[in-house]
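Build the full structure now, drawing on both the sequences and the hints.
Residues 1 to 112 in full-length UniProt numbering are what the sequence shown spells out, letter by letter.
To be clear, the hints were calculated from the coordinates, so they are not data collected in a lab. Check the hints yourself; a few may be wrong.
Label-pair ranges, simulated between beta-carbon atoms [claimed, not checked]: (1) Val15 to Arg75: 48 to 56 Å; (2) Asp78 to Tyr20: 53 to 61 Å; (3) His32 to Asp54: 27 to 35 Å.
Below, a list of computed lysine-lysine pairs in the BS3-like style, where the Cα atoms sit at most 25 Å apart [unchecked claim]: (4) Lys71 to Lys86; (5) Lys51 to Lys86; (6) Lys48 to Lys86.
Here the structure is a predicted model, which means the values were calculated and not measured. C-beta: ideal position from N, C-alpha, C; glycine also.
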Amino acid sequence: MFYVQRDAQGQLVRVEAAAYAEATETLPADNHEIQAWYANEVMETSLKQLKQSDLEMIRVLDDLIQVLTSKGVIRVTDLPAAAQAKLMDRTQAREALGGLSHLIDDEETGLI
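So this is what it looks like as structure tokens:
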């Protein structure tokens, strides 16, 4: 059984397994609204995880491009103009922050 609170339009705004003061009713676990509530919560959590992962991967790709260009494997001019502009913006922003040093914690471990 789940304790729920609804808004003025009758939509669920809070669902808890334990009773709470603002709960207006209870619904069984197999209720379609409860199932939809938790399915939406799982989706939101997954989207947040992907967004964080995207931010982390941007950093990995940025570093990878820097390494490949510094070793002469690729040239920045090999990339499309839009990518070149974005890389230039990121390079300038990183240089304004003191370059590449101090951006990765010394305690970070693991390989790509």
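Assess, step by step, whether the Cα of Lys51 is no farther than 25 Å from the Cα of Lys86, and give holds or violated. holds (19 Å)
Given the proposed pairing of Lys48 with Lys86, does the C-alpha separation stay at or below 25 Å? Roughly 24 Å separates the two Cα atoms, so the pair holds.
Val15 and Arg75, beta-carbon distance inside 48 to 56 Å? holds (55 Å)
Within 53 to 61 Å: is that where the Cβ-Cβ distance between Asp78 and Tyr20 falls? holds (59 Å)
Agreement of Lys71 and Lys86 with the hint, judged by alpha carbon distance not exceeding 25 Å: holds (20 Å)
Within 27 to 35 Å: is that where the Cβ-Cβ distance between His32 and Asp54 falls? holds (32 Å)
In summary, this structure violates none of the numbered hints.
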